[in-house]
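Line by line, the protein sequences are chains A and B. Once you know that position 128 of the first sequence is 128 in my numbering, the rest is easy, because the numbers rise by one and skip nothing. Once you know that position 13 of the second sequence is 13 in my numbering, the rest is easy, because the numbers rise by one and skip nothing.
Calculated from the structure, these hints are not laboratory results. Honestly, I wouldn't trust all of these hints.
The following label-pair restraints were derived from C-beta to C-beta distances [to be verified]: (1) B:THR127 - A:ARG308: 29 to 37 Å; (2) B:GLY10 - A:ASP342: 40 to 48 Å; (3) B:ALA71 - A:ARG226: 46 to 54 Å; (4) A:GLU50 - B:GLY340: 51 to 59 Å; (5) A:ASP339 - B:PRO33: 44 to 52 Å; (6) B:ARG316 - A:GLY65: 47 to 55 Å.
In silico SDA-like cross-links for lysine to any residue, where the CA-CA straight-line distance does not exceed 25 Å [claimed, not checked]: (7) A:LYS156 - B:THR154; (8) B:LYS156 - A:THR154; (9) B:LYS156 - A:PRO49; (10) B:LYS156 - A:GLY41.
To list a few chain B residues with every Cβ distance to chain A over 10 Å, as calculated [said to hold, decoys possible]: (11) ALA76; (12) ASP89; (13) GLY117; (14) ILE123; (15) GLY142; (16) GLY143; (17) ASP171; (18) THR192; (19) ALA266; (20) ASP272; (21) HIS288; (22) LEU335; (23) ASP342.
Glycine included, C-beta positions come from ideal geometry on N, C-alpha and C.
Residue-level listing of the chains:
Protein chains: 2
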Amino acid sequence: MTISPAADAGPLASDLTEGELIARISGRLPAAPAWLAVGIGDDAAVVEPERNRLEVLSVDALVDGVHFDRAFTPPAAIGHRALAVNLSDLAAMGATPRLALVSMALPGSLPIGDFDGIIDGLIALATRSRLTIVGGNLTRIGGPLVIDITVIGTVKRRQVLTRTGARAGDDLYVSGTVGSATAGLGVLRAWTKRSTPEDTEGMSASAPAELDDCVQRYLYPEPRLRLGALLGHNRAATACMDLSDGLAEGVRQLAAASGVGASVDADAIPLDRAGRRWFERRGGDAVHEAIIGGDDYELLFTVSPRLRGRLKAVGRHGAAQLTRIGSCTADRALLLRQDGKDQPLPRGFTHFR
Amino acid sequence: MTISPAADAGPLASDLTEGELIARISGRLPAAPAWLAVGIGDDAAVVEPERNRLEVLSVDALVDGVHFDRAFTPPAAIGHRALAVNLSDLAAMGATPRLALVSMALPGSLPIGDFDGIIDGLIALATRSRLTIVGGNLTRIGGPLVIDITVIGTVKRRQVLTRTGARAGDDLYVSGTVGSATAGLGVLRAWTKRSTPEDTEGMSASAPAELDDCVQRYLYPEPRLRLGALLGHNRAATACMDLSDGLAEGVRQLAAASGVGASVDADAIPLDRAGRRWFERRGGDAVHEAIIGGDDYELLFTVSPRLRGRLKAVGRHGAAQLTRIGSCTADRALLLRQDGKDQPLPRGFTHFR
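Just chain A, with the same shape it has in the complex (with noise of 0.2 Å):
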């Protein structure tokens, strides 16, 4: 892996006026869909719901010096993450994606090649995931520059996926691997900022090819939307929610939104190999740096034992891993067995406080 060095800022987002800016945004999507009745230009966006579908509607926001960092996240991967962490919310209920407004605050400092970056990777996951942008908001801020992205997602009545259909028995289901994205994000602050020797003992000028895929899974995570809209189908899932801020935090979230308890088992959480070795090398519990670290985007879900068969299914067409990690519990407590014994379950990440 090679991070090129800070390219030339060239012209400024700001020496644009923002007709000039959503001229850039227009200018790069595909061509509308026939329920887009207005679109970009109008004082709103106008659009023909989908027939005999609930909508799923969602909002999070990225912001620079929370969410990343513009020194060592590429453009496109700013663009790209701001959709995906929606879209994994629209993944945790069941949903299909449908559309998106993408509300932007541009510090005056953004390079415009910056602004077209991000736009790219935003609209190539839009197109992906079919998606279509019907609408945004620029403005200017004092500030960090701040990606809001509304999402909306249809799902069919009986397949909503909620987190509050878990009961005591059921067993605990995480999708891919935990904590990728986490030993990816160190890896870029150590090559990056180089600050103390440990963070970058053993990396040279780029950091060890085996951390590639760490890395990817931080700057470009896949959303699970094939999974959920698989789990919802063949309602194989009892409850189900997005990895945003760590294994967990979310079985913590999951247990309380269900009124149960669980027991997770260390040995089981699905660790990648280069993964486990970051977290080793600096010294921590691979496994206690993992789940406490956030921005995984897996799915964490629950099954009744007895529709294992129904999950089967899901796995073969999933096109993702599918582990059991434990189970859920009557008593209310949340625990982590590791080495033989009982611990509770640590607290995870949060990017609020």
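With chain A held as given, fit chain B onto it using these hints.
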């Protein structure tokens, strides 16, 4: 009018967790309607669409230091304005408000009392407008307060108002008065900063009571929802938009979208008396100042002369003064007729550049 000094800061919003802050919002919300299947607390909100209606979607952000100034904008007014600017977009499309998602980026210095005040102002307007807050997002920011609201309204297909339908010969109308909010903002700035002698000329311990209405118009703009709905329902208007960026900019944008020119009669532009005096006392041309100033949130619309009868019915029921200020022309020029002479319409206000 009196403006109280900044209150003792007290506890800060950043002392609370995201969950505690969300609870302060949820606890202030009225009961949810039956069409809200999943509300605040899950990965996303789930709603039942309204039958036989198109959906109208808009997003607008308010940034401290750009769109308002916490130094002289009370928290309730910040919350009110953040929603009002969005509702004004719905009004301009002829839509009826339905739901909103509220995304806020909170600086560490925000007192919790101010957070509560913002939410109170927002919910008061939402409740009065029969709009349900179905979800949102909270994050911290190392910078200014940002409030980003997405609203969705509904409208019958044949009642959508756009900017594109004006034809040469159509009359140009504006609701209410123009420039009052700009005067109100000027009063607030002058009273708060008392920066230069001419700013505060004639002002003692409090601003003149005659300017209270202007200050109110800036702090608590009233979106023209009833008027917009009636214009759509009666099919009286050929084009419509709201005046977030002032009358001059509005005429420019509506004319461009419809492919016409416009001639505006300066003497016809409705200024309120106190606002006019405020501009004149500062040595400006009142009409010029009023039409380049933003924040009016009145409706600008065009009416075919054949349909003036329909407009009369709207005027009787719309609870807003409607004033004919000029007409659309086949020639694409944008003119302001003042003292018997045509001059180019001045460039309007823009929040962006």
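**Request:** Please flag the earlier hints that this structure goes against, numbers listed from lowest up.
**Result:** 1, 12, 15, 16
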